[in-house]
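Once you have looked at the hints, place chain B on chain A.
So the sequences go chain by chain: A and B. Taken in order, the first sequence gives residues 1 to 94; the numbers are from my numbering. Taken in order, the second sequence gives residues 1 to 213; the numbers are from my numbering.
Misleading hints may appear alongside valid ones.
As the list claims (entries may be wrong) - Derived list of chain A stretches under chain B, where covered just means 3 residues or more per stretch with a C-beta under 8 Å from a C-beta of chain B:
no.	region
1	9-22
2	54-63
3	72-86
Hints listed in this document are in silico derivations from the structure and should not be mistaken for laboratory results. Even for Gly, the Cβ is constructed at its ideal location relative to N, Cα and C.
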Amino acid sequence: MKKKHWILIILLILISPLFGVVLADMVGYHEPLDVAAEKLGLKDISDEINWSPFYDYSVPGLDPITGYIVSGFIGIGIIYLIGLLIQRIAGKKR
Amino acid sequence: MHIPDGFLDSTWSIATYIVSVTYIGYAIKKAEITKNLERLSLLTVLAAGIFAAQMLNWPLPGGTSLHFVGGALAGILLGPLLGSLTLALVVTIQCLVFHDGGITALGANILNMAIIDVLVGYAIYKIVLKALGPSTKTRFIGGFLGGWLGITLAGITCGVEIGLSPSFPYGVYITVPVMGLWHLALGVIEGIITGMVVSYLSTKNPNVIFSER
Chain A
1 MKKKHWILII LLILISPLFG VVLADMVGYH EPLDVAAEKL GLKDISDEIN
51 WSPFYDYSVP GLDPITGYIV SGFIGIGIIY LIGLLIQRIA GKKR
Chain B
1 MHIPDGFLDS TWSIATYIVS VTYIGYAIKK AEITKNLERL SLLTVLAAGI
51 FAAQMLNWPL PGGTSLHFVG GALAGILLGP LLGSLTLALV VTIQCLVFHD
101 GGITALGANI LNMAIIDVLV GYAIYKIVLK ALGPSTKTRF IGGFLGGWLG
151 ITLAGITCGV EIGLSPSFPY GVYITVPVMG LWHLALGVIE GIITGMVVSY
201 LSTKNPNVIF SER
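Bound conformation, chain A alone (with noise of 0.2 Å):
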């Protein structure tokens, strides 16, 4: 694919704290699935179970929009990788 797509990707990343993080904290913004719970007196076990150091698409030591951009290349980086190791496996198959 052309090097224009993966520009406007980095682009989105790059805006995307503007509604991730900050029109979010505006509003008090949740997810749908988590509001519902809450008003049901579910419980989220997510915090309890989790593995990841970007949880929520957070960066430790970073603050929430940097880590909200850092953890989006994180995010398409990985996707990058696979689809290149993918490529690379083809490529010996043929």
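Relative to chain A, chain B alone:
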């Protein structure tokens, strides 16, 4: 749409894992991804794009949000098998790396977003194009209806899963209408985005709509 841990009981957790693993295993085998580098390249970019787009949560007053899911778009562009693999990759990374969606609910989340949404979106698009013929306008209509109804059906399935889980205090008679109506309303935006992207690509780069080849 991402079900967290603690919502599904073990029966539903295991059942949805079995369905999702079986389908994704079938898709990996049948799609022969290693034989088609062009589609594999699109799969990678599309997965990255959908991952980034899902980070753009549009918070709504009242404390909830809306974000693009992209299942129907992936199905329309890559076909049902590769479309499902694209979304399964995104949802799995979101869960394992960012704990977005529970590990006990990963099977259900893949079933809803990577299977139901993709298959429904793809099927509706194909039906619309077959009925109305291919044009920029009909591709928009097909993409719109596919995106809209795909996410609505996925929401209804999510409602069934949590409604039938004894952990959730309300039954399906509450969860299905709530999830279904909520996604029916907000899914209009998903439909508009899907329709616009598909119709735009059909004029600028029609080769990437593999489901029409």
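Tested hints:
1. A count of 7 residues in the region 9-22 of chain A with a Cβ less than 8 Å from any Cβ of chain B is obtained; the coverage claim is therefore met, three being the minimum.
2. Counting residues of the region 54-63 of chain A whose C-beta lies closer than 8 Å to any C-beta of chain B gives 4; at least three are required, and the coverage claim holds.
3. Counting residues of the region 72-86 of chain A whose beta-carbon sits less than 8 Å from any beta-carbon of chain B gives 11, enough to reach three: the coverage restraint holds.
Checked against the numbered hints given earlier, this structure breaks none of them.
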